[in-house]
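Produce the entire structure from the sequences given, and follow the hints as far as they go.
Chains as they are written, first to last, in this note's numbering: chain S, 1 to 102; chain F, 1 to 191.
Do not take every clue at face value.
Quick list of in silico lysine to aspartate or glutamate cross-link-like pairs, DMTMM-like style, CA-CA up to 20 angstroms [unchecked claim]:
id	chain 1	residue 1	chain 2	residue 2
1	S	K28	S	E95
2	S	K87	F	E172
3	F	K183	F	E172
4	S	K87	F	D175
5	S	K28	S	E74
6	F	K89	S	E74
7	S	K87	F	E184
8	S	K87	F	E145
9	F	K139	S	E95
10	S	K28	S	D93
11	S	K87	F	E3
Here are a few chain F residues that sit away from chain S, every Cβ distance over 12 angstroms (derived from the structure) [stated by the list, open to error]:
id	residue
12	A64
13	G125
14	E172
15	D180
Keep in mind that the hints were calculated from the coordinates and are not lab data. For each residue, glycine too, the CB sits at the ideal point set by N, CA and C.
Here's the letter readout for the chains.
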Amino acid sequence: MMEIGLNHYLVLSTILFAIGLIGVMRRKNLLMLFFATEILLNSVNISFAAISHYYGDLTGQMFAFFVIAIAASEVAVGLGLLIVWHKSHNNIDLEQMSTMRG
Amino acid sequence: MFEAIAFYLFAFLTIVMFFITVTTAQALYALTALAAGMIFISAFFFILGADFLGAVQIVVYSGAVMALYAFGMMFFDTTRDLKEKKGNKFIIVGLSTLAAVLVVIIFAAPMVTNNITALYPIAEGVGNTQAVGVVLFTKYLIPFEVAAVMLLVAMIAGIVLAGKKMDLSLTEMSDAEIRDMRKEKNKKVLS
Chain S
1 MMEIGLNHYL VLSTILFAIG LIGVMRRKNL LMLFFATEIL LNSVNISFAA
51 ISHYYGDLTG QMFAFFVIAI AASEVAVGLG LLIVWHKSHN NIDLEQMSTM
101 RG
Chain F
1 MFEAIAFYLF AFLTIVMFFI TVTTAQALYA LTALAAGMIF ISAFFFILGA
51 DFLGAVQIVV YSGAVMALYA FGMMFFDTTR DLKEKKGNKF IIVGLSTLAA
101 VLVVIIFAAP MVTNNITALY PIAEGVGNTQ AVGVVLFTKY LIPFEVAAVM
151 LLVAMIAGIV LAGKKMDLSL TEMSDAEIRD MRKEKNKKVL S
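Now the structure itself:
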């Protein structure tokens, strides 16, 4: 109980990932959806860093860096698209973004 | 002992903060809770000895990403309450938990067989930042450059998408002008 092992971090990562997925599934607002995506990426980062520490290998940390870089670029492009959508439709609800439905 | 206390404290705080993020009905609360959760996550990186990753986490997430979200939220009407999807809660929670457990199993499956050998072992006697730098600029140089190009592409995309018509201010225009502008834009889209 008092000795923190790899399993503790993996369980924490699971809990955070589940919270992020709940957010993805129940949010209608696209901005809130982006927040939930950030939670997902961060929970995976925790398990990368933990595995890197407990196996003495730096590869996990490297992957965590690239995940952070991808998250940053995702935010930049996503917010740009969101602003364009909001300018023309005046809302950012997911329900109204079904114009491409066949 | 202290490691255990720190782990449980920050685990509790992170879970609470992210739970607030996904459940609150106000966008501003969600943003603040997310920023706090990001900082608490960097504590795990410091506990795990990944000092540089923790510093990057604070700088990138609570510095750059949160500032970007805060700027973005100025464009949207964040004062009204957010609408939620109406669905079966048990299905949502069940599916989420199942997917999360699946991810952890994918991570843990190679480790159970115990045939992992460290490809780039952490060198003795050097700090974490130095070790990260050595591995990043030797073994991971090409992914690093590709990530740099990707960030450049994202920056240009952000400027092009959000910077359009930034010289016009919707608050200073009259309603008729805004209507004309919208109509003109629709015509352009339709033609």
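> Hints broken by the structure, by number, lowest first?
Replying inline: Those not satisfied are hints 6, 8, 9, 11 and 12.
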